[in-house]
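Top line first, the protein sequences correspond to chains W and H.
Counting from 1, one number per residue, gives the positions in the first sequence under our numbering.
Counting from 122, one number per residue, gives the positions in the second sequence under our numbering.
It should be emphasised that the hints constitute simulated quantities derived from the structure, not laboratory data.
Glycine residues also receive a C-beta, built at the ideal position from the N, C-alpha and C atoms.
A hint or two may mislead.
To be verified - What the simulated footprint calls covered on chain W by chain H, stretch by stretch (three residues with Cβ under 8 Å from a Cβ of chain H suffice, anywhere in the stretch; the number is not a length): (1) 18 to 32; (2) 35 to 44; (3) 67 to 74.
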Amino acid sequence: MRCDELDHDLTVVADGSAALSRPQQRHVEQCLRCQAELVQHRKILRTLRALRTEYLEPAPGLVADVLAYIEEAGERTAIRSLVSNHKVAYLGGLAAATAAGAAGAILVATRNRRSRMGLAS
Amino acid sequence: MAVAAQQGDRSAFEELVRLTTPGTYTLALRLTNNEEDARDVVQETYLRAFRGLRNYRGDAQFTTWLYRITANCASTFMTTRGRHRHDELPAEELMVDPHSSSDVELMAAGGELRDRLTLALATLPPKLRAVVVLRDVYEMPHEAIASELGISVSAAKVRLHRARHRLRQELFPESSEAESRAV
Numbered sequence: 001m002r003c004d005e006l007d008h009d010l011t012v013v014a015d016g017s018a019a020l021s022r023p024q025q026r027h028v029e030q031c032l033r034c035q036a037e038l039v040q041h042r043k044i045l046r047t048l049r050a051l052r053t054e055y056l057e058p059a060p061g062l063v064a065d066v067l068a069y070i071e072e073a074g075e076r077t078a079i080r081s082l083v084s085n086h087k088v089a090y091l092g093g094l095a096a097a098t099a100a101g102a103a104g105a106i107l108v109a110t111r112n113r114r115s116r117m118g119l120a121s
Numbered sequence: 122m123a124v125a126a127q128q129g130d131r132s133a134f135e136e137l138v139r140l141t142t143p144g145t146y147t148l149a150l151r152l153t154n155n156e157e158d159a160r161d162v163v164q165e166t167y168l169r170a171f172r173g174l175r176n177y178r179g180d181a182q183f184t185t186w187l188y189r190i191t192a193n194c195a196s197t198f199m200t201t202r203g204r205h206r207h208d209e210l211p212a213e214e215l216m217v218d219p220h221s222s223s224d225v226e227l228m229a230a231g232g233e234l235r236d237r238l239t240l241a242l243a244t245l246p247p248k249l250r251a252v253v254v255l256r257d258v259y260e261m262p263h264e265a266i267a268s269e270l271g272i273s274v275s276a277a278k279v280r281l282h283r284a285r286h287r288l289r290q291e292l293f294p295e296s297s298e299a300e301s302r303a304v
């Protein structure tokens with residue numbers, strides 16, 4: 001077995017999510033280079049995990065900015081919904097006016113026809 | 122507190138923001154590698170969290186849920202930003218050659234693997250950095266990482282493997298060079 005055949009497996013073994021096969025284990029036990037690589041991957045992983053407990057301090061005012069951003073977004077949404085409600089009311093009014101106009105026109109047309117028929121008889 | 126916030130208690134939500142901001146900002150900064158971008162990601166994260174509070178089921182820690190949103194926001198942000206401008210390196214990175222003598226002196230002076238690792242993380246391409254940070258620092262499952270970054274699980278694993286290799290090359294250049302010569 002060649003060292004580069006183990007390349008991928010060593011990174012996965014280092015984080016404990018997989019185990020080496022028997023032949024791979026035998027190779028690592030005899031190969032100083034692969035042992036060193038495994039140790040290096042484990043060291044890196046331990047150090048990466050340790051970063052989890054390290055907090056980087058934001059510049060002051062971030063919490064206030066976050067809350068203001070949410071407030072502002074809430075206002076934008078409220079305005080948008082108000083505009084869309086107005087649009088609905090406007091369109092509703094327009095539809096009602098159109099319907100009333102059409103009904104009026106039909107009524108007038110019917111009356112005219114009736115009066116013409118009355119004159120003819 | 123999360124339950125109170127879910128029920129509409131505005132002050133409970135504000136308290137949650139105060140308590141979790143350092144962690145959220147740290148993750149955002151590790152993902153974006155830029156303070157200004159990290160602040161934008163944090164703002165967007167909390168807005169989405171606020172709007173999606175009803176979706177938080179409480180089966181995981183609130184921060185776990187929040188960090189998934191942060192990862193998603195950072196990914197979206199980096200994609201959008203990538204369309205407009207190239208990933209800019211901070212000034213100090215532009216000045217530091219990872220193999221120069223000044224850097225070696227810096228490493229010897231600092232001595233800490235943690236410092237070198239932080240530098241190495243910053244030099245990774247954003248796509249590789251995101252996966253290795255979420256998996257190896259925050260121990261997020263591959264499936265969650267894939268879902269938040271909008272990639273397949275196998276793509277997430279490939280990126281993780283590449284990122285780990287790049288980090289090892291940066292941190293242990295002698296052994297990596299010896300290996301490439303031997304192969």
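Going down the list of hints, with the structure as the test:
1. 18 to 32: The restraint on the region 18 to 32 of chain W is violated, since only 0 of its residues have a Cβ under 8 Å from chain H and three are required.
2. 35 to 44: holds (count 6)
3. 67 to 74: holds (count 4)
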